[in-house]
Amino acid sequence: MAGFWLLILVGSLLLLIVVMHKRPASDPYLRAELNRPSILDGAVVVESKTRLAMFEPFALHGEPDIIYRTARNSLLVREDKTGFPQPRYEQIQMSVYAAILRHNPPESLRGLAVEPFGLVRYGTPGKGGKLRIRWKKVPLLTDEQLAGIIQRYRAVRRGTAPQLTQDSIYCAKKCAHFGGRCPGA
Amino acid sequence: MSRDNRPAKDSIAATELAKLGLCERKLYLDRTYGQGNDTAAQSVAKTHGNFVHEQARIAALAAPAAAKRHHDPRCFIATAVYGSAAPETQLLRDWRDDVLLPSKAGRCFVRTYYAVSPPIARVLPHVPGAVGIVRGALNLAVALIARRRPE
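Protein sequence lines, in the order shown, are assigned to chains A and B. Under this note's numbering, think of the first position of the first sequence as 1, with each following residue one higher. Under this note's numbering, think of the first position of the second sequence as 1, with each following residue one higher.
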């Protein structure tokens, strides 16, 4: 008899979980951005699409999508992406922005620490045409690692280094050389 | 050292440097032969992508500062046991963000937790001994997470 009631209880719990999953969330947090990282709680946008540049130890520039000043008084880089993820590209891009913020920040942001990671917000079409939002925390490169990348970049552009193909999906979707039939893909 | 934002002559753009992470061959070919023309489909995708991208940026600018610090209302049970501002609660939030949310199974677990935990959190203080038992279980989880967490 006890076993019967235990079965009823477990079954009801499972049914409850399934029903809860199916109904739309009542919490506005959940509706808006269910999985927004908690680091953004209390964060304010301080820069967006502002041209930033640095000159030493290397010359780099760019326009980050969003720079937050977090509740713990640090700067955080965010990039919005709408296509398929390109982890290495995103990491290098945000590392450049973070390096600029460390070495030559805008006047109003001087003296603030820069977080060693960035956030990528992916907005991709999901089922039924809804926009599916996902966040990803990306560890950023140090100045030493960036220096190595810049060296490689220059060598590849000059043609003095063998060129590696990193992402064959990118080749098929984005590359205009060889009509998408690059032998390196 | 100049402090303005005009790039130096040999300055590299962030998006240009980042292409190293995509295809080095394309990087070399772009310099040698030019970037080439997008196909019609690529042009359409690019236009749509730029539009959605700009919408996301505008939404981020328009959004008010998110919930006050230490007031993430979603960590119901941890908040009931430790309090909203406790370091244990923040550790669990960080673990949620770093470990659970990046995976599909993790997101499913988080959705289930958000669905069932509010009523549990409300009942917890009224059941004798329940807070102690749950705290013990959470202490174990927090200790395991803290041990594995890289500093």
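Please note that the accuracy of each hint is not assured.
Straight-line C-alpha distance at most 27 Å; calculated DSSO-like pairs for lysine-lysine [as the list claims (entries may be wrong)]:
(1) A:K49 / A:K137
(2) B:K9 / A:K49
(3) B:K46 / A:K49
(4) A:K137 / B:K9
(5) A:K136 / B:K9
(6) A:K136 / B:K46
(7) A:K49 / A:K136
Quick caveat, the hints were computed from the structure, so don't treat them as lab data.
Against the structure, the hints come out as follows:
no., hint, result
1, A:K49 / A:K137, "holds (20 Å)"
2, B:K9 / A:K49, "holds (21 Å)"
3, B:K46 / A:K49, "holds (18 Å)"
4, A:K137 / B:K9, "violated (33 Å)"
5, A:K136 / B:K9, "violated (34 Å)"
6, A:K136 / B:K46, "holds (22 Å)"
7, A:K49 / A:K136, "holds (20 Å)"
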